[in-house]
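Take these sequences, add in the hints, and give me the full structure.
The sequence shown begins at -2 in my numbering and counts up by one.
Each hint should be verified, as a subset may be incorrect.
[To be verified] Have a look at the derived ranges for each label pair, beta carbon to beta carbon:
| hint | residue 1 | residue 2 | range |
| --- | --- | --- | --- |
| 1 | Q15 | E63 | 46 to 56 Å |
| 2 | Y62 | P13 | 43 to 53 Å |
| 3 | K16 | A54 | 54 to 64 Å |
| 4 | A54 | V29 | 34 to 44 Å |
| 5 | M(-2) | R35 | 23 to 33 Å |
| 6 | Y62 | R35 | 56 to 66 Å |
| 7 | E3 | I34 | 12 to 22 Å |
| 8 | D21 | S42 | 34 to 44 Å |
| 9 | R61 | V25 | 51 to 61 Å |
| 10 | I57 | E18 | 51 to 61 Å |
| 11 | L14 | R37 | 22 to 32 Å |
| 12 | R41 | N8 | 31 to 41 Å |
| 13 | I34 | D55 | 25 to 35 Å |
| 14 | V25 | T53 | 55 to 65 Å |
[To be verified] Straight-line C-alpha distance at most 16 Å; calculated EDC-like pairs for lysine to aspartate or glutamate:
| hint | residue 1 | residue 2 |
| --- | --- | --- |
| 15 | K0 | E18 |
| 16 | K0 | D30 |
| 17 | K0 | E23 |
| 18 | K16 | D30 |
These are computed hints drawn from the structure, not numbers from a lab. In this text, a Cβ means the ideal position worked out from N, Cα and C, and glycines have one as well.
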Amino acid sequence: MPKIIEAIYENGVFKPLQKVELRDGEKVRLRVDERRIRRREFLRSWNPLRLERKVTADEIKRLRYEDIL
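Structure representation (structure tokens):
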């Protein structure tokens, strides 16, 4: 029966984060899921502000500077 086991990869070896019931030398199949968010997924999850007008880079810099003061 398939089981999900979290592991850490160190020095070329997968180290399980929990006890596993396997015999030494037993062959297993691993599926590696990357935890990094890909750019496309990030952009889909990001909710940009809807502006009423275009804002220039100079305006943004000025507003940031005013916010610091």
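Structure-based check of all given hints:
1. For Q15 and E63, the hinted distance range of 46 to 56 Å is satisfied, since their beta carbons lie about 52 Å from each other.
2. Between Y62 and P13, the C-beta spacing of about 52 Å keeps the proposed range 43 to 53 Å intact.
3. At about 55 Å, the CB distance of K16 to A54 agrees with the hint of 54 to 64 Å.
4. In this structure the hint that A54 and V29 lie 34 to 44 Å apart at CB holds, the actual value being about 41 Å.
5. Evaluation of the 23 to 33 Å hint for M(-2) and R35 yields a pass: the beta carbon distance comes to about 31 Å.
6. Evaluation of the 56 to 66 Å hint for Y62 and R35 yields a failure: the beta carbon distance comes to about 34 Å.
7. At roughly 18 Å, the beta-carbon separation of E3 and I34 lies within the given 12 to 22 Å, and the hint holds.
8. At about 43 Å, the beta-carbon gap between D21 and S42 stays in the expected band of 34 to 44 Å.
9. Distance hint for R61 and V25: a CB-CB separation of about 52 Å, consistent with the stated range 51 to 61 Å.
10. Taking the beta carbon of each, I57 and E18 are about 57 Å apart, inside 51 to 61 Å as hinted.
11. At about 29 Å, the beta-carbon gap between L14 and R37 stays in the expected band of 22 to 32 Å.
12. Checking the proposed 31 to 41 Å range against R41 and N8 shows it holds: the Cβ atoms sit about 36 Å from each other.
13. Take I34 and D55: their Cβ atoms lie about 31 Å apart, and the range 25 to 35 Å holds.
14. Taking 55 to 65 Å as the suggested C-beta distance range, the pair V25 and T53 conforms, at roughly 57 Å.
15. At roughly 11 Å between alpha-carbon atoms, K0 and E18 fall within 16 Å of each other, so this suggested pair holds.
16. For the suggested pair K0 and D30, the alpha carbons sit about 14 Å apart, so the restraint of at most 16 Å is met.
17. Taking the CA atoms of K0 and E23, the gap is about 15 Å. The hint holds against a cut of 16 Å.
18. For a cut-off of 16 Å, the pair hint linking K16 to D30 is broken: about 20 Å separates their Cα positions.
Violated hints, listed in ascending order, are 6 and 18; each of the other numbered hints is respected by the structure.
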